Structure formats: structure tokens, C-alpha cells
Amino acid sequence: MKNRLKVLRAERDWSQAELADRLDVSRQSVNAIETGKYDPSLPLAFRIARVFGLTIEQIFEECEA
Amino acid sequence: MSAEAFPRAFHDQPAWRRYIIRDSLGMAGFGALFFPLPLLSWRDRLPPAPWKYVIAAAPALPVAVVVWSMLRYLEEETDEYQRLLNTRAFIAAIGMTLVITTGWGLMQWFADVAKVSLFEVFPLFLACQALATAWVRWRAR
Numbered sequence: 011m012k013n014r015l016k017v018l019r020a021e022r023d024w025s026q027a028e029l030a031d032r033l034d035v036s037r038q039s040v041n042a043i044e045t046g047k048y049d050p051s052l053p054l055a056f057r058i059a060r061v062f063g064l065t066i067e068q069i070f071e072e073c074e075a
Numbered sequence: 004m005s006a007e008a009f010p011r012a013f014h015d016q017p018a019w020r021r022y023i024i025r026d027s028l029g030m031a032g033f034g035a036l037f038f039p040l041p042l043l044s045w046r047d048r049l050p051p052a053p054w055k056y057v058i059a060a061a062p063a064l065p066v067a068v069v070v071w072s073m074l075r076y077l078e079e080e081t082d083e084y085q086r087l088l089n090t091r092a093f094i095a096a097i098g099m100t101l102v103i104t105t106g107w108g109l110m111q112w113f114a115d116v117a118k119v120s121l122f123e124v125f126p127l128f129l130a131c132q133a134l135a136t137a138w139v140r141w142r143a144r
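Each protein sequence line maps, in turn, to chains H and P. Just so you know, we're using our numbering here: the first sequence kicks off at 11 and counts up by one. Just so you know, we're using our numbering here: the second sequence kicks off at 4 and counts up by one.
Same shape as in the complex, but just chain P (with noise of 0.2 Å):
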């Protein structure tokens, strides 16, 4: 079969298939950082300070790469319609994003609601992006 018989979709796009891979490493390096956290502050193996700052925070260096991976694919598609849809796709996970957290946060202060830590904003985050893309493809069907 030749090439032409089977067209690119915006999946197999190489800007995208790149962007998918340092995506998911970044996701991958925070679960990789984060997991064992838990386990060494409950067994009380973390160190003293100032290491127990740098592993603990450690965990935010990959959700830099998970930014970064989205402002390389920006830069590198040249497909520009599928730019386009996977901008509006970044900009409304932000904006679910900071509405979600900017209520929950009144919520907290107000409304005696739960207490939710800073760090789970980026696992909201990617539940935010998968919605967004979904719905933006589904828009553009």
C-alpha cells in the first residue's frame, strides 16, 4: 500500500506523535518522583534539610517538562489547522483549570469545604487537558 492510501490524521502527525512522547515521560517522572514520597515521610526516611526540600519538591521539575513539551509542539507543527485545535484545546484546560481551583480555593476559606493540597492542581490539570482535547475534537468533527 502506498503512503497516499493511508493519509495522515492529526494523531500521526510527527509534531503531535513528539509531543504525545515528551508528554507522557513528563507524567511518567512525576509519578516516578511523587510515588515514593508518601512512603519515605512515613517511614521517616526522608533526610534533614536542605535535602528534604529538593525531594520533596522534586516532583515539579517534570511538570516543567510537561509545559515545555506543549510550548515545543507549538513551536515545531507545521500543520496549522491542528495548531489551532490544540491550542484552544491548552487554553481551556488553563482556564478549567484555574476556575476549578480558584473556587475550591473560596470554598476552603468560606465554605468549610475540604482541604486540597497545592500539588494535586496538576494532576487536575492533565484531567483538564484530556477533557479539553476531547471536546475541542469533538467541535471540529
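The shape of chain H in the complex, shown without the other chains (with noise of 0.2 Å):
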């Protein structure tokens, strides 16, 4: 799954150690979701979502199979 998680934390100027701690996950777990190593569950994508304030479908793209 693609996601514009680097795209959407650079435009607000946040860290990944910011948007961890505002996931309440580790900076590690980030790091992951971003370079595509982890799809995160949904209801922590729901979370990603209102973080942002988009729909997870703005944020989330399924890949071509």
C-alpha cells in the first residue's frame, strides 16, 4: 500500500518524532508506515487520518496488483 504520510508531515513542517508522539506510537513505527515496510491497521490509519484531518482514502492507496 502507497500512503503520502512524508508528503503530508513535510507540508506541516513536522518530525517523524512529532507525529509519533501525536499517534502516540514509537518514531520507529513511522518510520515504517512511511518507507512502505508496514501497512498500519485501521484503526490506526483512522488515526493517521484525523491527525491530519483527511479521510484515509486521501492519505492511503491501495497498489496495483
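Just so you know, these hints were derived from the structure itself, not from any lab. A hint or two may mislead.
[Stated by the list, open to error] Simulated DEER-style distance windows between Cβ atoms:
| id | chain 1 | residue 1 | chain 2 | residue 2 | range |
| --- | --- | --- | --- | --- | --- |
| 1 | P | A59 | H | R60 | 52 to 58 Å |
| 2 | P | A59 | H | P53 | 26 to 32 Å |
| 3 | P | A61 | H | E21 | 39 to 45 Å |
| 4 | H | P53 | P | S27 | 30 to 36 Å |
| 5 | H | E21 | P | R21 | 34 to 40 Å |
[Said to hold, decoys possible] Not everything, but these chain H residues come out facing chain P in the computed CB check (under 7 Å):
| id | residue |
| --- | --- |
| 6 | L18 |
| 7 | S39 |
| 8 | A42 |
Source: prediction; values computed, not measured. Backbone N, C-alpha and C fix where the C-beta goes; we use that ideal spot for every residue, glycine too.
Both chains are sitting in their own frames, so use the hints and assemble them into the complex.
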């Protein structure tokens, strides 16, 4: 799954650590999601969407099979 | 400095900290109950049965504490990525322990290698867990 986390974070001038703090996860978790190593669960995806004030679809995009 | 200036790393996660404390208590308990045994046995100070069996088997109880601490960690960890990494490490450690002990057990039967006592499986598991955790963290870096 692709995501726009890095771009959205940069637009708000947030560091990975700041975003991690807002999501109540570790910085490694934010890095893993940003780099596509880990796809978040639905509850975490909702939390990410809420932090950015967007919908899940505006942040995450399913990769073509 | 604000809390934001020092973001939480995996080792600062509250669930991980609690796990480390419980795990360390289990390991310390194992050491405290195990190390007097050879001395008591050597000096012929072990009481008669059934207490002999109770005292000899007592170090197995802290092993249960270590396993319980792993289960509690998996229930308490709120950071799902950290939970995934540590679940991988736990399973890898169990796998390494099973492979080594099964292989060594077969060699004891069929290849005349040195006999190893079953209670040594626990320290082996702890060593495998340390290696597996380092390996999983290295892969996820």
C-alpha cells in the first residue's frame, strides 16, 4: 500500500518524532509506515487520518496487483 | 525541554519497560532458586522426598514468569508495529531453541555428543531471544 505520509508531514513541517507523538506510537513505527515496510491496521489508519484532518483514502492508496 | 523534543523510542514504550522489568525478575528468580541447588546437593543438604522434588523443581516457576511476561507484553503493547516486531522476535527465539535442542537431542542419541540437561534449555532460550531481538531490530532499522 502506498501512502502520502511523508509529503503530508513535510507540508506541516512535522518531524517523524512529532508525528509519532501525536499518534502515540514510536518513531520507528512512523518510519516503517512512511517507507512502506508496514501497513497500519484500520484503527491506526483512522488515527493517522484524524491527525491530518483527511480521509483514509486521501492518505493511503492501494497498489495495483 | 518538552516531551516532544524526546520522542519515544521502542525501548521507552511503557509496555516494553514493564516487560523488561517482569522478564528480569523472572530471570533473577531463576538464578536465585537455581544456583543454591548444586551446593545443597554437593553438601548432601537436600531434604528427603517430597521436599527434595519441590526444591529441585522450584526454578521452573520463574520460567513461567518469563513466559507470562511475554504474553502480558503482547496484550499490553499499544504500538502495533512494535508488537509485530517483538512477536517476530519471540517466535524466532522459540524456533531457534527448538531447532537447536531437537538437533542436539538427535545427536545425543545417534552421534555420541556430550549429554545436555533439559534445564539448560531455558538459558539457551534466553540467549536465542537476545539474538532474535537484535536480528529483528537490525532488519527493521
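Against the structure, the hints come out as follows:
no.: 1; hint: P:A59 x H:R60: 52 to 58 Å; in the structure: holds, 56 Å
no.: 2; hint: P:A59 x H:P53: 26 to 32 Å; in the structure: violated, 48 Å
no.: 3; hint: P:A61 x H:E21: 39 to 45 Å; in the structure: violated, 60 Å
no.: 4; hint: H:P53 x P:S27: 30 to 36 Å; in the structure: holds, 31 Å
no.: 5; hint: H:E21 x P:R21: 34 to 40 Å; in the structure: holds, 37 Å
no.: 6; hint: L18; in the structure: violated, 18 Å
no.: 7; hint: S39; in the structure: holds, 4 Å
no.: 8; hint: A42; in the structure: holds, 5 Å
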